[in-house]
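Student: In case you want the letters, here they are:
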Amino acid sequence: MKTKLIRHGSDIRHWKFIRHSLERVLKMPFGWNRPLACCGRLPACRNVRRQVAAENGLAARSTPFQNTLLAFALAFAATTAHAKLNVVATLPDFGAIAEEIGGDKVKVTSIARGTEDAHFVDARPSFIRVLNQADVLLEGGLDLEIGWLPPLLNAARNAKILHDAPGHVILSRGITVLEVPSGPVDRSMGDVHPSGNPHCWLDPANGKVIAASAAAAFARLDPPNAAFYEANLKTFNQRLDAKLAEWTKRMEPLRGLKVVTYHKSFSYFLERFGLELAGTIEPKPGIEPSPTHINALIPRAKEEGVKLVLVEPCRPRKTPEYVAGSIGAKLLILPTSVGGNAKVKDYIDLFDYDIGQIVEALKP
Amino acid sequence: MPLQAQETNQLEQLKKQLQEMQQNFERTQREQQRQIEALKKQIEEFQKPPPGPATAPPPSAPSGTAAASSAAAKPWSPSDPIPLLGGQRSYLNLSFDGLFTAGTSTAKEIEGLTTGGHDPKQRGFTVQNLETTLEGKVDPYFRGLAALIMQIDREGESFLEVEEAYLESMALPANLQVRAGQFFTEFGRQNQFHPHSWDFVDQPLVMGRFLGGDGLRSAGARVSWLTPTPFYSELYLTIQNSHGETAHSFRNENEGEPFLGRPSEPGSVRNLDDMLFVPRYVASFNLTDSQTLVAGASGAFGPNGTGGNTELFGVDLFWKWKSPRHHAGFPFVAWQTEAMLRRFKAGAFAEDADGDGVNELDLSGERLTDYGLYSQMLYGFRKGWIAGLRGDYVFPDRKGEYESIAGPDPDRASRWRLSPNLTWYPSEFSKLRLQYNYDRRNTMGDDHSVWLQFEFLLGAHAAHKF
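In order, the protein sequence lines correspond to chains A and B.
Each number in the numbering used here corresponds to the 1-based position in the first sequence with 5 added.
Each number in the numbering used here corresponds to the 1-based position in the second sequence with 1229 added.
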């Protein structure tokens, strides 16, 4: 009996192993020139099986023992081939979107927590282990993770997720980046991100770009489930579109509203819903507020009629409270990431919660 | 028609033609200008975020060719800064770090008080370390790093040293990683950290005494294996040259001075036994979402310059709590401890200085065992502010035979130090640190020192490992 085992992508080792085992057990050499056993998952494979069946009537000529063995071998190959895609996301927001797209076909681990300052995540050694096992790495890019991801990637020694590997996905690609410095940048301006503001997931429309990038990566790395990811992407986009229409309607009366934030974390959110940033509590990115800056900010914000001060859960409260009190604005502690508080469990929750809080706070 | 009139007519015609051409040209120019304006407008429209529920442009190949739509593709001009950080052409990341101290001490000889090569050397100012780091991807297989340091010694002389220069594999199979070149030995925790990332002004006493003033580093190769345990753990094996002043407890010439009572000669490598072997195992556990523990055990084995060999053992522990709602990494509490043991098998040494056939000095081989440990606690209480306390203790197992002849050796005598400090980071790129040291040396008495350290960093901020 002449056989050929067709291999798919990275399954080559399993196939070699199966072929070797079959050769040993059946004590007959398998040629590579005639196709016989194949997983049948791809159209090409199904054709091969049909062709083989037509040519030599495999089922009729195989012994039950051979059939059992082949079935076992194929089942083994199928389980390993269908092992879940191991996805690591730098932020819980990317992780939440990956879960929407990947469903039960992926296992998602997020590195940063929703409550913490995403610029200063500790490169805990356990993440080396996590990245070592990853099939896909979803990172925001725009230097958001520059302080902690590079040493983890260096230590993880995983070729699948190195820069420019198919498993390394930079989610800010394809997004219209805000606050890209147009002139020269240096550190006297604070820790300005030279490629622009990295907090891009806070525009729900960008959520769709992120989801599309994730779906494309999953389909590329797990072609048998490409249709599944495509369908999930469609469902997610539909849900998000419906929600976006609702959020836009709720925020419509607030268009043009002036706000003060701590860090420029909310820029994408403000841009989407037509709110205006009147100033930040930190004088420059990453620089702590000084009394001079606060004393200048308060009268300016008062003059501009700022009604809202937005602060992420990780920031100190004392100065924002003082600023909000002095200008007669409402202070809101709003999560900027999934998991930022107990009520924000997925990407849509994040905007439901934040927009609900804003609308509630400004009710006449 | 007279000739003159004919000429005038031709001239008129030519003038007319020229006028027409000029008008044509101006019309074309206006048209083109209009088209350019329209195109510009279109581009601007295109770059604006889509209003309302936008349809996301699905990136065709997110990890490959697609570029961020707004990464302004502006042609480079000579007056632009060279993009070393965050640019698209990142062949080499360059950084420069300057570390200095100013202060004073009650000790007569400050060099005897401090054990580290980068420690404050004198009353007044000390240039502790000027470090230039070059780092980048070599090719698809390796990344490379070079740390070149300059120091200015007590006499005001500048000197340059190659602290590290190595290449490291990026993704070998079987979870292996290889590093080769000149590099800090993977022994204990702090030995691999460069002085600007230390939490105190000076080096712990035990590190200076056992690993040397400049830390244990040498030319060699290291292989590490990320073990397949459910928690993080890694096994390292380093083989390096065992000679030179950066292999302090091994084949170190010690600038011609006796080392533990005997002359120390670097000799030469005859076989594999003459190399330095350093195994290390490190594991880490997440105790809670906010607490991390890293524990390691190391050994270093090699010949020494007195004809015997040296064994170094070390255990290290690092625990850190960081608030789940930290703001720029604060608040946090971190505790770090290392304990080391050195077994120095000193060779026999006899000296007949006057050549009368009778040895004035006759030392048999002996085993000199020393211990040392330090423990430090840091509390980052608000953004940029850290309070620290470190305790240091080094002591011998018992007096060596040579010490009963030559008197107690300050390199073995027991001593301890207590160092509280306060650090302020105005940003991640600068630092001010005030430290007080209380030193108790059993041979010399008590000393008090106060040091103010300051640092600046230019260029790419290399992310530190945990």
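Rather than coming from a laboratory, the hints here were simulated on the basis of the structure.
These numbers were taken from a predicted model, which means no experiment stands behind them.
Every residue gets a Cβ at the ideal spot worked out from N, C-alpha and C, and that includes glycine.
Check the hints yourself; a few may be wrong.
No more than 25 Å apart at the CA atoms, straight line, and that leaves these computed lysine to any residue pairs for SDA-like [stated by the list, open to error]:
1) K350(A) x L336(A)
2) K323(A) x N1588(B)
3) K350(A) x P1655(B)
4) K165(A) x P1655(B)
Beyond 10 Å from chain A on every Cβ pair, some chain B residues (computed) [claimed, not checked]:
5) H1425
6) N1483
7) L1661
Student: Each hint needs a verdict: does it hold in this structure or not?
Tutor: For each hint, the structure was consulted:
The hinted pair formed by K350(A) and L336(A) meets the criterion: a straight-line CA distance of about 23 Å does not exceed 25 Å. About 77 Å separates the Cα atoms of K323(A) and N1588(B), which puts this hinted pair outside 25 Å; it is violated. For the given pair, K350(A) sits about 36 Å from P1655(B) by alpha-carbon distance, which is inconsistent with the 25 Å threshold. Between K165(A) and P1655(B) the alpha-carbon distance is near 39 Å, which puts this suggested pair outside the 25 Å criterion.
Once the 10 Å rule is applied to beta carbons, H1425(B) is consistent with being away from chain A; the minimum gap is 16 Å. Residue placement check: N1483(B) keeps its beta carbon more than 10 Å from all beta carbons of chain A (closest about 35 Å). With a least beta-carbon separation of about 14 Å from chain A, L1661(B) lies farther than 10 Å from that chain, consistent with its non-interface assignment.
In this structure, the earlier hints numbered 2, 3 and 4 are contradicted, and the remaining ones agree with it.
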